[in-house]
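Engineer: Chains as they are written, first to last, in the working numbering: chain A, 22 to 509; chain B, 47 to 141; chain C, 4 to 497.
By construction, these hints were calculated from the structure, which means they are not laboratory data. Check the hints yourself; a few may be wrong.
Claimed, not checked - Within a straight-line C-alpha distance of at most 30 Å, the following computed BS3-like cross-link-like pairs (lysine-lysine) qualify:
(1) A/Lys164 / C/Lys268
(2) C/Lys245 / A/Lys114
(3) B/Lys138 / C/Lys103
(4) B/Lys59 / A/Lys114
(5) A/Lys172 / C/Lys103
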Amino acid sequence: MTNMETSYRIKGATGDWEVVIGLEVHAQVTSNAKLFSGAATAFGAEPNSQVSLVDAAMPGMLPVPNRECIRQAVRTGMAIDAQINKWSRFDRKNYFYADLPQGYQISQLYHPLVGEGAVEIEDDGRSKTIGVERIHVEQDAGKLMHDQHPKRSYVDLNRSGVALMEIVSKPDMRSPAEAGAYLTKLRSILRYVGSCDGNMDQGSMRADVNVSVRKPGDEFGTRTETKNVNSIRFVMAAIEHEAKRQVAVLEDGGTIQQETRLFNPDTGTTRSMRSKEDAHDYRYFPDPDLLPLELDDEFLDECRASLPELPGAKRKRYEALGISAYAADVITAEVESARWFDALLDAGAKPVAAANWVTSELFGALNRLGKSIGESPVQPGQAAELLALVADGTLSGSLAKQVFEAMLETGDAPGKIVEERGLKQTSDTGAIEAVIADVLEKNPKQLEQYRGGKEALFGFFVGQTMKAMAGKANPQVVNDLLKKALAG
Amino acid sequence: MSVDTATVKRVAKLARIAIRDEEAERLAPELGNILGWIEQLGEVDTSSVQPMTAVIPNHLRLRDDVVTDGGIRAKVLANAPEGEHGFFTVPKVIE
Amino acid sequence: MSDLTDLGIRQIRDGVANGDLSAREVAEAFNAAVAAAKPLNAFIVETPEHALAAADKVDQARAAGETLPSMAGVPIGMKDLFCTNGVQTTAASHILEGFKPEYESTVSQKLWDAGAGMLGKLNLDQFAMGSSNETSYFGNVVSPWRRNDGGNAPLAPGGSSGGSAAVVAGRIAPGATGTDTGGSIRQPAAFVGISGIKPTYGRCSRWGTIAFASSLDQAGPMARDVRDCAIMLEAMSGFDAKDATSLDVPVPQWEAGLNASMAGKRVGIPREYRVDNMPEEIEALWQQGIAWMKDAGAEIVEVSLPHTRYALPAYYIIAPAEASSNLARYDGVRYGQRDLPEAANLQDMYAATRAAGFGDEVKRRILIGTYVLSAGFYDAYFTQASKVRALIAQDFERAWERCDVLLTPTAPSAAFALGEKSADPLAMYLNDVFTVPSSLAGLPAMSVPGGLDKAGLPLGLQVIGRALDEQGVLNAALAIEERAGFNARPERWW
Numbered sequence: 022m023t024n025m026e027t028s029y030r031i032k033g034a035t036g037d038w039e040v041v042i043g044l045e046v047h048a049q050v051t052s053n054a055k056l057f058s059g060a061a062t063a064f065g066a067e068p069n070s071q072v073s074l075v076d077a078a079m080p081g082m083l084p085v086p087n088r089e090c091i092r093q094a095v096r097t098g099m100a101i102d103a104q105i106n107k108w109s110r111f112d113r114k115n116y117f118y119a120d121l122p123q124g125y126q127i128s129q130l131y132h133p134l135v136g137e138g139a140v141e142i143e144d145d146g147r148s149k150t151i152g153v154e155r156i157h158v159e160q161d162a163g164k165l166m167h168d169q170h171p172k173r174s175y176v177d178l179n180r181s182g183v184a185l186m187e188i189v190s191k192p193d194m195r196s197p198a199e200a201g202a203y204l205t206k207l208r209s210i211l212r213y214v215g216s217c218d219g220n221m222d223q224g225s226m227r228a229d230v231n232v233s234v235r236k237p238g239d240e241f242g243t244r245t246e247t248k249n250v251n252s253i254r255f256v257m258a259a260i261e262h263e264a265k266r267q268v269a270v271l272e273d274g275g276t277i278q279q280e281t282r283l284f285n286p287d288t289g290t291t292r293s294m295r296s297k298e299d300a301h302d303y304r305y306f307p308d309p310d311l312l313p314l315e316l317d318d319e320f321l322d323e324c325r326a327s328l329p330e331l332p333g334a335k336r337k338r339y340e341a342l343g344i345s346a347y348a349a350d351v352i353t354a355e356v357e358s359a360r361w362f363d364a365l366l367d368a369g370a371k372p373v374a375a376a377n378w379v380t381s382e383l384f385g386a387l388n389r390l391g392k393s394i395g396e397s398p399v400q401p402g403q404a405a406e407l408l409a410l411v412a413d414g415t416l417s418g419s420l421a422k423q424v425f426e427a428m429l430e431t432g433d434a435p436g437k438i439v440e441e442r443g444l445k446q447t448s449d450t451g452a453i454e455a456v457i458a459d460v461l462e463k464n465p466k467q468l469e470q471y472r473g474g475k476e477a478l479f480g481f482f483v484g485q486t487m488k489a490m491a492g493k494a495n496p497q498v499v500n501d502l503l504k505k506a507l508a509g
Numbered sequence: 047m048s049v050d051t052a053t054v055k056r057v058a059k060l061a062r063i064a065i066r067d068e069e070a071e072r073l074a075p076e077l078g079n080i081l082g083w084i085e086q087l088g089e090v091d092t093s094s095v096q097p098m099t100a101v102i103p104n105h106l107r108l109r110d111d112v113v114t115d116g117g118i119r120a121k122v123l124a125n126a127p128e129g130e131h132g133f134f135t136v137p138k139v140i141e
Numbered sequence: 004m005s006d007l008t009d010l011g012i013r014q015i016r017d018g019v020a021n022g023d024l025s026a027r028e029v030a031e032a033f034n035a036a037v038a039a040a041k042p043l044n045a046f047i048v049e050t051p052e053h054a055l056a057a058a059d060k061v062d063q064a065r066a067a068g069e070t071l072p073s074m075a076g077v078p079i080g081m082k083d084l085f086c087t088n089g090v091q092t093t094a095a096s097h098i099l100e101g102f103k104p105e106y107e108s109t110v111s112q113k114l115w116d117a118g119a120g121m122l123g124k125l126n127l128d129q130f131a132m133g134s135s136n137e138t139s140y141f142g143n144v145v146s147p148w149r150r151n152d153g154g155n156a157p158l159a160p161g162g163s164s165g166g167s168a169a170v171v172a173g174r175i176a177p178g179a180t181g182t183d184t185g186g187s188i189r190q191p192a193a194f195v196g197i198s199g200i201k202p203t204y205g206r207c208s209r210w211g212t213i214a215f216a217s218s219l220d221q222a223g224p225m226a227r228d229v230r231d232c233a234i235m236l237e238a239m240s241g242f243d244a245k246d247a248t249s250l251d252v253p254v255p256q257w258e259a260g261l262n263a264s265m266a267g268k269r270v271g272i273p274r275e276y277r278v279d280n281m282p283e284e285i286e287a288l289w290q291q292g293i294a295w296m297k298d299a300g301a302e303i304v305e306v307s308l309p310h311t312r313y314a315l316p317a318y319y320i321i322a323p324a325e326a327s328s329n330l331a332r333y334d335g336v337r338y339g340q341r342d343l344p345e346a347a348n349l350q351d352m353y354a355a356t357r358a359a360g361f362g363d364e365v366k367r368r369i370l371i372g373t374y375v376l377s378a379g380f381y382d383a384y385f386t387q388a389s390k391v392r393a394l395i396a397q398d399f400e401r402a403w404e405r406c407d408v409l410l411t412p413t414a415p416s417a418a419f420a421l422g423e424k425s426a427d428p429l430a431m432y433l434n435d436v437f438t439v440p441s442s443l444a445g446l447p448a449m450s451v452p453g454g455l456d457k458a459g460l461p462l463g464l465q466v467i468g469r470a471l472d473e474q475g476v477l478n479a480a481l482a483i484e485e486r487a488g489f490n491a492r493p494e495r496w497w
């Protein structure tokens, strides 16, 4: 793979335009309680039932930070090889909105917890490094609902104060596909680390999408920020639409306004966001309710020691075991499948055969059953046993498929299924020779043709023999004995 | 230091305080006076000084990740000027 | 026996503990004094039933032979900046009118746990912004003091803890809570001839106290004398996990540690604590204070706090900046007043609510704070002020190499008449010139009465100590108190 620039361009009337993309990903930190209060973070609770007096910004209420939220952000930073700042602090971002009870969001502007890092992406066979500018920790806002009442919006503060990591990329992406690959990879890393569940449907991961266009080689153009896009597909669609819109504006002789926009998933278009019109003087200053956040080596050591093997390292390890790049990629894409596969290897399965079996048989079956790997009826230990039975010749490929089907149905161990159903492969030469003799006798015409030089018919005789033995004959033994018998 | 009424209005808008024209006119010299007085701070050479971050030496304590609060909707909503169905309500917002 | 309302905290506590007094009779006497003190306008809400209930609990506990806590039977006034469960809490602002917290501030809870009862919620400058108690939505507090010129001009009790000062001086409460951001305990204490201490920043929890400027706000007691302040401060102080800036250190036994001898102590006299047109009587009182300190055995050293003159402008950047953000939550959505004009959108509602809800001084400070934080000005104002603040703290650090406490006047003038300074915000701000530097540095500081001026009005002396050395501050104040023999009290006219 090479680090090659994309050829993605917007075709305009005046020539090709390059798209420049930066993403600010808001990832909800996995924690039991909120960033600065002891209220719960669970999704889907009754309105305002997971709200403390702190979250509702009652007079005199004060924030106290949750250690786990800091720890998860640090671990995330470590997972992208980022600078971890042992001294950081919280700032207030001041603006008025109905979902922001304090009238400010506690965030980190001047001294973020995590500094520069990088995420490696692969797109269409090319690899590329996307720079991460920073990761900071901040409070989520509450939620407004507009459709319940003709003249009122409803305010639910359950999300108010939930911890977010804002992961700010550099403007390093040049196509919707690269942005998609970056988000996919970032999501995978977050899920490996366990710092965010990556559940975009529930808003656990949203992206603010910064897009500008320029003629290749020119300076960066003016960017727009499309807020709160909540799926990878929508991010890609928003970029495409926004880039085309900007090109059209510019080619019409217009200028791009630096503004906040909103993506409409139904139409695939973006529009200017009225409510944020004059919200750009945030008057950041250090939050006087909080002291600087100082992390010691013990804390950082624990964060590092608790990091799991990450997808990149895992892939390399798998490939070193002889597993194909494709299979390694597929297995490591989701942390659950990688963990399942590691358990399979730990149970003694041979890596290459195991990888092939997992990517074809297991994933195929789960797909058919509509189950995730976490819901697999077959456990890694059982799968290792099945693969061992194939490896030692007890089961042929086709028998193994039968046994696997039975395992999916019953959840039983493969040994038990083989025993009960008599699916064991036979290498008994006497029995196989008898069947071969019978097959030759019943197919005199084919025998004559074969012996007359039509050797392609060998497969026919193998098939007939296996069929007569209900698939239980050892194929190698069948081959050897057939050759001898056919030779006469 | 002079502060004009346009500045007063801009700042008042940022602070979400409605002010009438005559108030802005009254406030402009007042604020100008105060800000002019404050500007004497510029005389102090602070080039080698770090801004104060903690008044008294102290370190930020972190809480354990345990749910200890919430489930008090009645208390949260008790003083609301307006609300229904367990929500606070505000004039309809168009995003 | 003299009038029960003449008794201070220690006398009531001891009298109740040894059975000379019932807590109920004390509460009833002070409730009556509260009811009779309406002309002072010191209370926003009166809570006689709270005082009685607390008293009855104490009397029952004593009857049951239980050990009584440190303020058992003492009814106090609560500055209306402390949230009190089920009792209207307003910060003297219209925007919080009708607000009844569903929670109790840490400081008030500690006082109730110590056996104190509440006489009522005390008037103050709106959101504690003011030095004369003239910015309250609920009207001025009138000082119980009058000049001896027979003119009967109503005087300012000082601010922002003006209600607290008035009731303690007027023998309407034996003690009251105050809060001090730039001098709001010490300046009013000086104006009315009582004692008040602002402890080290972080001693008293800020949880449940309505915030003005978070990096400066500290609660503290206001009482008749130094000992009563020590008793009450002990009850109010202590680590609170709910306040991230709370100091996790034990609370010393300040009352037990009181010692008026200054032998072996060095008292610093900062040469910068003088202002133009400072009345000669204040300079004279300061010199008298120095003499008292010497008499108590102290060595006097002259020290320099070179950045003193920049403290006030730095304060008037930092405090309004923090306030502009702290007060953003008063938006008419979750509590307090809402002003919703016809056809108003959300942002219109905010602007209308805040315009109608905040008083002029609060608006002025929010505007200053908003301005100094706004784009393009942040570094020149806020960052510079934070650096100057560090220099001011350094000044004190250097002084502590040469002395143990500092002695200064508390305020540059005696109490002024209501209305005398309210037209000129800047002249009003200058009242805090001697109290603000120690606030910026988070140091414990106390005002203790020293004498009367020619007009018969009290003047105070300020003692500033090292961080966490409240004991040193209290002891120096006690040495002054014993020598000043200040026993003047306002004649009752209300």
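Engineer: Decide, hint by hint, whether the structure agrees.
Structural biologist: Hint check results:
1. A/Lys164 / C/Lys268: Violated - the C-alpha atoms of C/Lys268 and A/Lys164 are around 60 Å apart, more than 30 Å.
2. C/Lys245 / A/Lys114: Given pair C/Lys245, A/Lys114 holds - Cα atoms ~22 Å apart, limit 30 Å.
3. B/Lys138 / C/Lys103: Roughly 27 Å separates the two Cα atoms, so the pair holds.
4. B/Lys59 / A/Lys114: With Cα atoms ~16 Å apart, B/Lys59 and A/Lys114 stay inside 30 Å; holds.
5. A/Lys172 / C/Lys103: Holds - the C-alpha atoms of C/Lys103 and A/Lys172 are around 28 Å apart, at most 30 Å.
Checked against the numbered hints above, the structure breaks only hint 1 and satisfies the rest.
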